[in-house]
Amino acid sequence: MSPARGTTGWGMVLPALAFVAFFSLYPAIDSFLLSLYSEFPGPEPAFIGFGNYAELVQDPVAHQAFIVTLGFVLLSTTLELVLGTGLALVIHERFMGRGVVRAAVLIPWAIPTVVASQMWRFLLNDQYGAVNAILFGDRVDAYVPWLADPWMAFGAIVLADVWKTSSFAGLLILAGLQVIPDETYDAARIDGATAWQRFWHITFPLLKPALLTALLFRTIDAFRVFDLVFVMTQGGPGDATQVIQFYGYKTLFTEGRVGYGTTISVTVFVATAMLSLFYIRTAGSKLLQREPA
Amino acid sequence: MTGLALRHIGKTFGQTRVLHDVSLEAGDGEFVVLLGPSGCGKSTLLRIIAGLERQTGGSVSIGGRCVDDVPPSERDIAMVFQHYALYPHFTVRENLAFGLKIRREPTPVIEERLAETASLLDIDNLLDRRPKELSGGQRQRVAMGRAIVRKPALFLFDEPLSNLDARLRASMRVELKKLHRRLGTTMVYVTHDQAEAMTLGHTIAIMNHGRIQQTGRPDRIYQEPGNPFVAGFIGNPPMNLFEGSYRLHPRDLEFRVGDLTVRIPFQAHDLVGTESGTATLGIRPEDVTFDPPGPRHVAIAGTIDLIENLGGDAVVYLTVKGQSLAARTVPGLRQHAGESVTAHWPMNALHLFINEHRVPLPSS
Numbered sequence: 001m002s003p004a005r006g007t008t009g010w011g012m013v014l015p016a017l018a019f020v021a022f023f024s025l026y027p028a029i030d031s032f033l034l035s036l037y038s039e040f041p042g043p044e045p046a047f048i049g050f051g052n053y054a055e056l057v058q059d060p061v062a063h064q065a066f067i068v069t070l071g072f073v074l075l076s077t078t079l080e081l082v083l084g085t086g087l088a089l090v091i092h093e094r095f096m097g098r099g100v101v102r103a104a105v106l107i108p109w110a111i112p113t114v115v116a117s118q119m120w121r122f123l124l125n126d127q128y129g130a131v132n133a134i135l136f137g138d139r140v141d142a143y144v145p146w147l148a149d150p151w152m153a154f155g156a157i158v159l160a161d162v163w164k165t166s167s168f169a170g171l172l173i174l175a176g177l178q179v180i181p182d183e184t185y186d187a188a189r190i191d192g193a194t195a196w197q198r199f200w201h202i203t204f205p206l207l208k209p210a211l212l213t214a215l216l217f218r219t220i221d222a223f224r225v226f227d228l229v230f231v232m233t234q235g236g237p238g239d240a241t242q243v244i245q246f247y248g249y250k251t252l253f254t255e256g257r258v259g260y261g262t263t264i265s266v267t268v269f270v271a272t273a274m275l276s277l278f279y280i281r282t283a284g285s286k287l288l289q290r291e292p293a
Numbered sequence: 001m002t003g004l005a006l007r008h009i010g011k012t013f014g015q016t017r018v019l020h021d022v023s024l025e026a027g028d029g030e031f032v033v034l035l036g037p038s039g040c041g042k043s044t045l046l047r048i049i050a051g052l053e054r055q056t057g058g059s060v061s062i063g064g065r066c067v068d069d070v071p072p073s074e075r076d077i078a079m080v081f082q083h084y085a086l087y088p089h090f091t092v093r094e095n096l097a098f099g100l101k102i103r104r105e106p107t108p109v110i111e112e113r114l115a116e117t118a119s120l121l122d123i124d125n126l127l128d129r130r131p132k133e134l135s136g137g138q139r140q141r142v143a144m145g146r147a148i149v150r151k152p153a154l155f156l157f158d159e160p161l162s163n164l165d166a167r168l169r170a171s172m173r174v175e176l177k178k179l180h181r182r183l184g185t186t187m188v189y190v191t192h193d194q195a196e197a198m199t200l201g202h203t204i205a206i207m208n209h210g211r212i213q214q215t216g217r218p219d220r221i222y223q224e225p226g227n228p229f230v231a232g233f234i235g236n237p238p239m240n241l242f243e244g245s246y247r248l249h250p251r252d253l254e255f256r257v258g259d260l261t262v263r264i265p266f267q268a269h270d271l272v273g274t275e276s277g278t279a280t281l282g283i284r285p286e287d288v289t290f291d292p293p294g295p296r297h298v299a300i301a302g303t304i305d306l307i308e309n310l311g312g313d314a315v316v317y318l319t320v321k322g323q324s325l326a327a328r329t330v331p332g333l334r335q336h337a338g339e340s341v342t343a344h345w346p347m348n349a350l351h352l353f354i355n356e357h358r359v360p361l362p363s364s
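For the record, the sequence lines run as chains A and B.
Under the working numbering, the first residue of the first sequence is numbered 1, with each subsequent residue one higher.
Under the working numbering, the first residue of the second sequence is numbered 1, with each subsequent residue one higher.
For the record, the hints were derived by calculation from the structure and aren't laboratory data.
Idealized CB from N, CA, C, for every residue including glycine.
All the pointers check out, no bait thrown in.
Derived contacts from chain A toward chain B, CB cut-off under 10 Å, selection only:
1) T184
2) D186
3) A188
4) D191
5) A193
6) Q197
7) I202
8) K208
Isolated chain A (complex conformation) (with noise of 0.2 Å):
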């Protein structure tokens, strides 16, 4: 390459470098010092070191935090990609009206976070709330308060994030089975495999890297969960729902230590990146390779 052209690639990249340079490498390595002070870097910084890895470690409120994430993870993310197996393989078929079908499927997903949580914590309200009212009607007494119960409080922040995003997940799987060519489903139609056969034996194998790339996006979300819990729980009752996230929001900003609770964002921020590697690594192969039509 001429100089004159090496200057104009570096000319063009280079608003690019610096956006990502300024507002993600600057804040996570920034974030990762601030970790390893005690207090807010003042005048006379306290430098501790790895001081506050060895706290979170030994944290129990964290431990607690950890396990509700784990489970938040482990069940939405499954529900997830069941749901978003089904919904995919439904608009993929055609029928009348798919196109406003395929537009209805999105709309959770495209309703800002915020708002879906505000309107699930209203539906789910135990006075006035939605559920309650259809489902017990005039007897108030039977009304349950499904966000003040620890395991139905978990359970309704799973289940507003599988509302919301099953379409996501859909969505990406959907993509998956546009690229399976229709010949290989006539073909086993001939040979005669049934309905289930070729969703079994011609489907869902060829359907894993979709379901790889759906698994690694919504891990990784799941991961970080925040505002969900912020507006449905805040955490509650008790640590019911406090996620990790939350729990390192709440250590920053609510008690004001800033050095353990951006510890806290940069496990978070670890973790993540270790899973994505761990998927990349493991299933990312498999994800770019296409097969020769």
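Fit chain B to the known structure of chain A by using the hints.
Okay, now just chain B, sitting in the frame of chain A:
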């Protein structure tokens, strides 16, 4: 009896009518080729035979049994698809065995059939590979193997060679012919390639715009095309067709297009209807020569536009009396592009079409 009978098949997709009253028969062991340009409905017809599409009207019988309400898997057919349709996540062995496993054939039977088919198609050494590890030709063999292994009563081929390069296509064509001779099973083969149709088919059905234009033996279709479409579709380069007008005289028919007039010996009673009208006159490029004319030859002076030398023969494009004419001849013509030449052809090589139908000429 494992022949095929299609009776008055019609098919519409929404408002579009893609097949009109198609009737066709294939005897036991016969190799029938459906030939036509893209979009003529030939693949749809094949899919109807397979049961992958439902016809709007008419009926399909395989082996004397009406199969209109029979699903594809129970029609005792196997199909080879244009893009092979191999299961990409299965090995060749699994691809071949899938249909048999689904039908719960006993393992020894599956193993035996697999070995038999693999050796027949010479794919023994590919059994543990996946489709993406195979070349186009190898995939084609596996696709055929998947059909053969089931021992169906009827084979359906949907442009199976169209994704192969010219050389491989020619060799696969020969193998397919041998395979048919060996298996003796009824085959229906869809293609837009007339060379495949001419070499493979016992019978060719030429289709256009959802209708069968002509059905018959390949040589008969070539020598006596039933209408201008068939005349222009079969043959390479295609038949020279002139659309003009005719007038009947007591002993002959005068055909006129622009400045070109040809008088053809003709008996008036052969022509139903009018004394004059529009007609299409055809002459195959291989029937046009530049040698000294024989008796009963038409001779016309023209100018050479272009000569294509193809090695074994040459195609000469010329203009005669304002009309374009192609001639297929041996290479080594003395004249060059831009020079005058006299082209002629025997009278009995002419093809005459009136009202889209072939009119037999007494001399042909």
